[in-house]
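*Asks:* Listed below are the residues making up each chain.
Protein chains: 2
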Amino acid sequence: MRYAVLGTGVVGRTLGTKLVELGHEVTLGSRSADNPAALEWVRAAGGGAAAGTFAEAAAAGEVVVNAVGGRVALAALEAAGARHLDGKVLIDVSNPLAFEDGLVRLSPVESDSVGEQIQRTFPAARVVKTLNTVNCDVMVQPSLVPGEHQLFVCGEDAGAKEQVTGLLGEFGWPAGRVVDLGGITASRAVEMYLPLWLTLMGKVGHAHFNLELRRGR
Amino acid sequence: MRYAVLGTGVVGRTLGTKLVELGHEVTLGSRSADNPAALEWVRAAGGGAAAGTFAEAAAAGEVVVNAVGGRVALAALEAAGARHLDGKVLIDVSNPLAFEDGLVRLSPVESDSVGEQIQRTFPAARVVKTLNTVNCDVMVQPSLVPGEHQLFVCGEDAGAKEQVTGLLGEFGWPAGRVVDLGGITASRAVEMYLPLWLTLMGKVGHAHFNLELRRGR
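Residue numbers (this note's numbering), protein chains in the order written: chain A, -17 to 199; chain B, -17 to 199.
Calculated directly from the structure, the hints in this document are not laboratory data.
Any given hint could be a false lead.
A pair counts as met if it fits within one copy or between any two copies, since identical chains are not told apart.
[Stated by the list, open to error] Calculated pairs, SDA-like style, for lysine to any residue (alpha carbon to alpha carbon, straight line, at most 25 angstroms): (1) K185 / E7; (2) K185 / P128; (3) K185 / T103; (4) K185 / G129; (5) K0 / T167; (6) K185 / G69; (7) K185 / H66; (8) K185 / E130; (9) K70 / M183; (10) K185 / Q99; (11) K70 / P18; (12) K70 / A189; (13) K185 / R196; (14) K0 / P105; (15) K185 / V54; (16) K70 / V(-8); (17) K185 / E60; (18) K0 / S93; (19) K70 / R25; (20) K70 / H190; (21) K185 / L21; (22) K185 / P156; (23) K0 / N17; (24) K70 / G(-9); (25) K185 / G63; (26) K0 / G84; (27) K185 / N117; (28) K70 / E22; (29) K70 / L195.
All figures in this text were calculated on a predicted structure; none of them were measured in a lab.
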């Protein structure tokens, strides 16, 4: 499969590397075609890896992964171009966080979410929100954390969620540990979990943790 | 110990009943002294159970539990009176949620929380936020859910958190499963978890569930 990964930060590069290792073709997208981080990543990732602008990457990908920060996601996707997103599965792994005076702040929050913003702005894209509740190392190597801990998916398109669940399986997440939370509005719930995730990271002392849903009855 | 439990809803009554069963004296507080739910609870709970106004309950309690909804917590505590709260451990178990058009909404959210509002408004109270991340049946009977799932506490007063951790032990939560998230600002994190909790409840089909923190390394 051909993937576009938008974003050259550690999340985008980690996802891109894993996708290449799995045998996929990956174009890492960034604001400019000569982004040093992207070119360095192409050298390191080897065959199957390419870099380009957001638009070049999205044009090349059959599936598009939004791995830029949640607060700049719409700008990156506008640069990618609706015509390169329409009809495609668009995986949003972002969180709209920033720090102010040492405290995490989210925007949008509560009455909206990045997942919803993206789906609203690109109605013909098949948006699936997932992976934003774990560190990027855990995203592509869930065995870093013991136990039957879970990931969440949400979105309006059942077929897109099924396809993404398959990709998560390639990453090492059994389908039984991928919890479908319903429509894209559930993005609010998983994005609003971030302050607790960050607080737990401070408590645990590192980012290799996750939560396991325990059910009574 | 003498407890005031403010709120005659299912959360307040469940906590009150458990405290009476544990041998404590409990005054259930409400807006009026002749609240039918409170009087019925006193009849059912038996010796050690009493009812009164918010002020009467808070005056009688050595420890005060806020079990009214998060959006009316300050009003209930104002009615209880600062002079009946000052110097006391004040356990806040509330969430500031309401439903609009079928969607959960939180207020305050993100840049503030009920836990912080209470501590700010009653600076001499020793506020501890806890228990708001599980259903009230699970609060007082954690064995309803299998596994080493956790509760959180946060607040500014280490001694108060220690005392509350002891009470949670009486409820059945071993100290090792009570995670201290730090100061009262962490109330934001645990209150913002609620949309995910509600979404998971819809998925699980009931409220007897919780999350277990899984750590790598």
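*Asks:* Look at each hint and say if it fits the structure.
*Replies:* Structure-based check of each hint:
no.: 1; hint: K185 / E7; in the structure: neither (38 angstroms within a copy, 35 angstroms between copies)
no.: 2; hint: K185 / P128; in the structure: both (18 angstroms within a copy, 23 angstroms between copies)
no.: 3; hint: K185 / T103; in the structure: neither (37 angstroms within a copy, 28 angstroms between copies)
no.: 4; hint: K185 / G129; in the structure: both (19 angstroms within a copy, 20 angstroms between copies)
no.: 5; hint: K0 / T167; in the structure: neither (28 angstroms within a copy, 37 angstroms between copies)
no.: 6; hint: K185 / G69; in the structure: neither (42 angstroms within a copy, 28 angstroms between copies)
no.: 7; hint: K185 / H66; in the structure: neither (42 angstroms within a copy, 34 angstroms between copies)
no.: 8; hint: K185 / E130; in the structure: both (21 angstroms within a copy, 17 angstroms between copies)
no.: 9; hint: K70 / M183; in the structure: neither (34 angstroms within a copy, 31 angstroms between copies)
no.: 10; hint: K185 / Q99; in the structure: between (32 angstroms within a copy, 24 angstroms between copies)
no.: 11; hint: K70 / P18; in the structure: neither (28 angstroms within a copy, 58 angstroms between copies)
no.: 12; hint: K70 / A189; in the structure: neither (31 angstroms within a copy, 36 angstroms between copies)
no.: 13; hint: K185 / R196; in the structure: both (21 angstroms within a copy, 13 angstroms between copies)
no.: 14; hint: K0 / P105; in the structure: neither (29 angstroms within a copy, 51 angstroms between copies)
no.: 15; hint: K185 / V54; in the structure: neither (29 angstroms within a copy, 31 angstroms between copies)
no.: 16; hint: K70 / V(-8); in the structure: within (24 angstroms within a copy, 47 angstroms between copies)
no.: 17; hint: K185 / E60; in the structure: neither (38 angstroms within a copy, 34 angstroms between copies)
no.: 18; hint: K0 / S93; in the structure: neither (34 angstroms within a copy, 36 angstroms between copies)
no.: 19; hint: K70 / R25; in the structure: neither (28 angstroms within a copy, 62 angstroms between copies)
no.: 20; hint: K70 / H190; in the structure: neither (31 angstroms within a copy, 38 angstroms between copies)
no.: 21; hint: K185 / L21; in the structure: neither (36 angstroms within a copy, 43 angstroms between copies)
no.: 22; hint: K185 / P156; in the structure: between (28 angstroms within a copy, 18 angstroms between copies)
no.: 23; hint: K0 / N17; in the structure: within (20 angstroms within a copy, 61 angstroms between copies)
no.: 24; hint: K70 / G(-9); in the structure: within (23 angstroms within a copy, 48 angstroms between copies)
no.: 25; hint: K185 / G63; in the structure: neither (41 angstroms within a copy, 35 angstroms between copies)
no.: 26; hint: K0 / G84; in the structure: neither (32 angstroms within a copy, 39 angstroms between copies)
no.: 27; hint: K185 / N117; in the structure: both (15 angstroms within a copy, 24 angstroms between copies)
no.: 28; hint: K70 / E22; in the structure: neither (28 angstroms within a copy, 59 angstroms between copies)
no.: 29; hint: K70 / L195; in the structure: neither (31 angstroms within a copy, 35 angstroms between copies)
In this structure, the hints that do not hold are numbers 1, 3, 5, 6, 7, 9, 11, 12, 14, 15, 17, 18, 19, 20, 21, 25, 26, 28 and 29, in rising order.
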